[in-house]
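*Asks:* The lines below spell out each chain.
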Amino acid sequence: MTRRQFIPLVAAAATGGYASLKLQKPPKVPDGPPGSSAVAIVRARSYSEDLVSHMLAGVRQCGLDARGKKVLLKPNLVEFDSATVINTDASIIAAAVEVFHRLGASEVKIGEGPGHRRDTLDLADDAGYRSNIPKFESIFTDLNRDDVAAVHGFAGEPDFYFAKTVLAADLIVSLAKMKTHHWAGATLSMKNFFGLVPGSIYGWPKNKLHYIGIPESVVELNRTFRNTFAIVDGVVGMEGNGPIQGTPKHSGVLVMGSDLVAVDATCCRIMGLDPEKVDYLRMAADLGHVHPERIEQRGETIASVQSNFALIEEFQHLRLV
Amino acid sequence: MSSVGGVYLESRLKFLRRTQNPDGGWGYFPDKQSWFEPTTYAMLALQGTPGTDASLDRAFKLLRSWQTPDGSSRPSGEVQGGTWVTAQAVTLACVRGIYDDKVRNSVDWLLRVVGAESSAAMRAAAFFHLLKTKADFSHEGWPWRDGNASWVEPTAQALVALKKVSKKNRSPELDRRVSEGEALLLSRRCSDGGWNQGNPNVLNYDLPSYPETTALALLGLQGRSHAELDQPLALAARFRAETRSSLARAWLVIALRCHGGDPQPAGQDTSASSDIMLTALEALGHPEGNYGLLRTGAPA
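From first to last, the protein sequence lines stand for chains W and D.
Okay, so the first sequence: first residue is 37 according to the numbering used here, each after it adds one.
Okay, so the second sequence: first residue is 982 according to the numbering used here, each after it adds one.
Next comes chain W alone, as it looks inside the complex:
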């Protein structure tokens, strides 16, 4: 049995166990596409700060042009547990709505398809989205239960389905949470796109993605959706047994950029993880930049905000040395 065949089997058992098949000496990650990518690190010590200004500064540092675009904000909404840091904070989403309106977007919507809990609207309510985001109900779509259309060739599948709200967007903004993840090592802007896949077809969780392979699916989703931007909520992230059962970790940063590979690689370095050892980032090297010399760091330096996130035993080998 190959590793690719084995890991999905394990993951698919919901959760069964991880085979700890570690890469001993991973080959060098390819250089990626030509040129370099801008990634902004902006300090935001708490959710009560002026997040709109912070976000606008970061977005402008990355040179994003959102004028006239239909923007879909994709938060990371996972669990009924408002007392913890599982979900992207409501204040981040509210700020992003305002930021993209100010940047001239023709439309700003929010969409999410949680992986485990089916009651998306109550989940959003519980996470404070309805009370903190103006006109939330009129701009939010449950991507698990939206109308769908087929995309051909996703992960070798003749037809793979996505919500029409996703397919209609000119720009998808991944409003991810900075968290460790018990299968992928870390869950950041790229893995957040699991929530674009409709549960109405693939189930809760979207087990088909486990069978394609978790890192493979992360890469394939990001290969399919290229008009993207990331704003990672690292104000308070999650360390340890993420993405649900970990503990809060204050990092006090927002990390932004149009190259989601570079954004996630930067987040990994902030978290004390070596992005070159994270499977999905290694596999995504043709989509964006992992190497630090190809990432133009704007705003704060990594060193000034870096703080190791605790890792479960299975991922100790990812620690940046």
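Hints may contain errors.
Covered stretches of chain D (chain W as the covering partner; in silico rule of three or more C-beta atoms under 8 Å from a C-beta of chain W) [claimed, not checked]:
{"no.": "1", "stretch": "1054-1064"}
{"no.": "2", "stretch": "1130-1136"}
{"no.": "3", "stretch": "1186-1198"}
{"no.": "4", "stretch": "1205-1212"}
{"no.": "5", "stretch": "1225-1232"}
Derived DEER-like restraints, expressed as beta-carbon distance ranges [stated by the list, open to error]:
{"no.": "6", "chain 1": "W", "residue 1": "Val88", "chain 2": "D", "residue 2": "Asp1034", "range": "39 to 49 Å"}
{"no.": "7", "chain 1": "W", "residue 1": "Ala346", "chain 2": "D", "residue 2": "Asp1173", "range": "44 to 54 Å"}
{"no.": "8", "chain 1": "W", "residue 1": "Ser118", "chain 2": "D", "residue 2": "Thr1251", "range": "23 to 33 Å"}
{"no.": "9", "chain 1": "W", "residue 1": "Asp117", "chain 2": "D", "residue 2": "Ala1101", "range": "32 to 42 Å"}
{"no.": "10", "chain 1": "W", "residue 1": "Gly99", "chain 2": "D", "residue 2": "Ser1255", "range": "33 to 43 Å"}
{"no.": "11", "chain 1": "D", "residue 1": "Asp1051", "chain 2": "W", "residue 2": "Val88", "range": "44 to 54 Å"}
{"no.": "12", "chain 1": "D", "residue 1": "Ala1102", "chain 2": "W", "residue 2": "Glu193", "range": "18 to 28 Å"}
{"no.": "13", "chain 1": "D", "residue 1": "Gly1273", "chain 2": "W", "residue 2": "Pro194", "range": "18 to 28 Å"}
Subject to a maximum C-alpha distance of 30 Å in a straight line, what follows is the list of computed DSS-like cross-link-like pairs (lysine-lysine) [what the hints assert, rightly or not]:
{"no.": "14", "chain 1": "W", "residue 1": "Lys200", "chain 2": "W", "residue 2": "Lys105"}
{"no.": "15", "chain 1": "W", "residue 1": "Lys200", "chain 2": "D", "residue 2": "Lys1042"}
{"no.": "16", "chain 1": "W", "residue 1": "Lys105", "chain 2": "D", "residue 2": "Lys1013"}
{"no.": "17", "chain 1": "D", "residue 1": "Lys1013", "chain 2": "W", "residue 2": "Lys145"}
{"no.": "18", "chain 1": "D", "residue 1": "Lys995", "chain 2": "W", "residue 2": "Lys200"}
{"no.": "19", "chain 1": "W", "residue 1": "Lys171", "chain 2": "D", "residue 2": "Lys995"}
{"no.": "20", "chain 1": "W", "residue 1": "Lys171", "chain 2": "W", "residue 2": "Lys200"}
{"no.": "21", "chain 1": "D", "residue 1": "Lys1148", "chain 2": "W", "residue 2": "Lys200"}
{"no.": "22", "chain 1": "D", "residue 1": "Lys1013", "chain 2": "W", "residue 2": "Lys106"}
{"no.": "23", "chain 1": "D", "residue 1": "Lys1013", "chain 2": "W", "residue 2": "Lys171"}
Hints were generated in silico from the structure; no laboratory data involved.
Ideal placement from N, C-alpha and C gives every residue a C-beta, glycine not left out.
Fit chain D to the known structure of chain W by using the hints.
*Replies:* Below, chain D without anything else, positioned relative to chain W:
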């Protein structure tokens, strides 16, 4: 029935009557494309209510048109390939008293499809302790889609369907799959007695149970002994009082009623939400609703 209770139920049924699509189905939300799942629950909620026979016939015809040559049902007309909703096709047919070749094909598909974790490779991996899990892979359940692993919800849906169809056509294989499916659910209880979506444990961390999956598992386990279900039923009653999920509350009320309980209705509001599936489930769980259509007891 109190007038408030009457308004609660009638407002939901009225909403469902109003939101049926021209093709006969229901979307998850009004004016959206028809899907198998909300159509199933809307049909169950409206079954037997005055003046709905023709509209339910249209809905049933639509759902039957989504059956694929392998016997499975597509989740909507826009999607190719069958999924777990095949179990709902069987349940609906039983409710409507139909047992024909189409239903037999659906049942055959359910009897054929097994969660991929039951494969020899996975069992071997478990045997050699290659998996850091407490999961028991020796039982056969049902996946969301053929070729994937077993999960609690599709297993529970398949159990309801097979137990209902067993009243018409029982076979040794059907009995075996029901027994296996029940064993899988019982083996996957979380430490608090309820159910997560899949296994109770990941990487040696216990997972919490979820209210909605606990309700669905209890539906699938109808007919099992009180001794086996006392703890999860007590947990379900607690979840009913505490959960912040309207959907979970609706499923819990239905499950508790199917097990002989008399919980308060799922919602307080006399007006229906815009969520068609939720509205249908709330109507089903009303004391005068059609929750009994999901009663199965043990296999006949």
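*Asks:* So, against the hints stated earlier in the document, which numbers end up violated here?
*Replies:* The structure conflicts with hints 4, 6, 7, 13, 21, although it agrees with all the remaining ones.
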